[in-house]
Amino acid sequence: MEYRTASETNGKHVAEYQNGFNADLHVQEEEGGRAGETETRSKLSRIQRAYSTVLTELGEDVDREGLLRTPLRAAKAMQFLTKGYHETTQEILNDAIFDENHDEMVIVKDIDLFSLCEHHLVPFFGKVHIAYLPNKKVVGLSKLARIVEIYSRRLQVQERLSKQIATAISEALEPAGVAVVIEATHMCMVMRGVQKMNSKTVTSVMLGTFQEDPKTREEFLSLIRKN
Amino acid sequence: MEQRAVQTQYAAGHGDPKKDAGSGTTCTGEVNGERTAAAASSSSSAVTEGWREERTRSVEDNEMSRPGLAAAYRTILSGLGEDPQRQGLLKTPLRAATAMQFFTKGYQEKIIDVLNDAIFDEDHDEMVIVKDIDMFSMCEHHLVPIFGRVHIGYLPNKRVLGLSKLARIVEIYSRRLQVQERLTKQIAVAITEALKPAGVGVVIEATHMCMVMRGVQKMNSKTVTSTMLGVFREDAKTRDEFLTLIRS
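Residue numbers (our numbering), protein chains in the order written: chain A, 1 to 227; chain B, 228 to 475.
Hints should not be assumed to be uniformly reliable.
To be verified - Here are the simulated BS3-like cross-link-like pairs (lysine-lysine), alpha carbons at most 27 Å apart as the crow flies: (1) 143/A - 445/B; (2) 43/A - 127/A; (3) 76/A - 449/B; (4) 318/B - 76/A; (5) 449/B - 226/A; (6) 196/A - 445/B; (7) 464/B - 76/A; (8) 318/B - 43/A.
Said to hold, decoys possible - So these bits of chain B aren't anywhere near chain A, every CB distance computed over 12 Å: (9) 293; (10) 367; (11) 430; (12) 451; (13) 453; (14) 462.
It is worth saying that the hints were derived from the structure and are not from the lab.
Where a beta carbon is used, it is the ideal one built from N, C-alpha and C, also for glycine.
Assemble the whole structure, with the sequences as input and the hints as a guide.
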């Protein structure tokens, strides 16, 4: 599907991995074998062993009570935090696009976002505000939040994340315009490095009417402003 | 865990190990009421290890373990299905390794180095509070950040501490793989052993990313833990005064 390849700029390798995984699944279904499952489990144990190494190299005692199962927990946590790689917009959106004769702005704001900085593997979190001007097709509102989930649960850069969300909505709905604003706090700046506690990073993507018409953009920006 | 004699470098009476072991256990014994005596002493030595133990790590150790850490992170990246060769991820294993070493730099530091100079004799016996100290730690169960604020209050007994040293004590213990309960206790015990004050109170209010980003996913939840020692524990009015002052 077009929107899948266009917006998967940090998932090209993953898309191939996913295709390979899906191919394995087909094989698995046919043969009734457990190839897919064993592969997932072996990936998990590789990550687990890597975390064990991390703990030892940091100088901790891997055998103390609090750390006994930490490699497994950390591996599972990391898989959860990157589960967006295994999801596609196609799967979640297919059902919830409706034909409505509505052409006014639709905004879903204050969507909580949690992602991982791809440079330091440290979380960043914040809020996403999404708006679109429908062109005969509207989408179920929670699907906008689900699109955010798909792209945020990956190793990300905030600029790319905003663009991927905007492009995904744009390609799925073909609206008159899409706007995405993300305001996030990066733990890699707060907990380490410059250590600026209160800094926030704001990125925005304006497509279609939002880009061309300043009045539309202004309306959107004033509606998402905290009152 | 092997028993270690509790020696406090700051004991005015010059550490008689048995005597100090007694006071050490008193500080921590209340919390571990359910455990056996042996376990209680070993957990008290676990809590006060910042005082006696050699540093687990040094700057040279960091240099030497960085390649191994970076290799482990590369394995994690490929295990998650990412491509470690793409531009954004090329130097990520090294950056993540250095970041993780920074987040656990508390293992490289000892309380005695941080506090040595800044204990002063002052004839002050009113409450001293340092509040809203930003704290960043790592959950030892999921290796995911914890962040929040620490409020510390103590009633000096002729000896006061440089104020920033309270924040430095927080840094030493929080920049480790931690459990919030243990962190609170370690901070309180460290101050007690340095100053022998009439009482110490430590309150930590933190957000655990392991609860917010994954698992139950409760965005607004906060965990509050507190340790009250000495007068703060015995006298309700003192405790109340402390809690009111940190609330405002």
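_Need the list of violated hint numbers for this structure, in ascending order._
2, 7, 9 and 10
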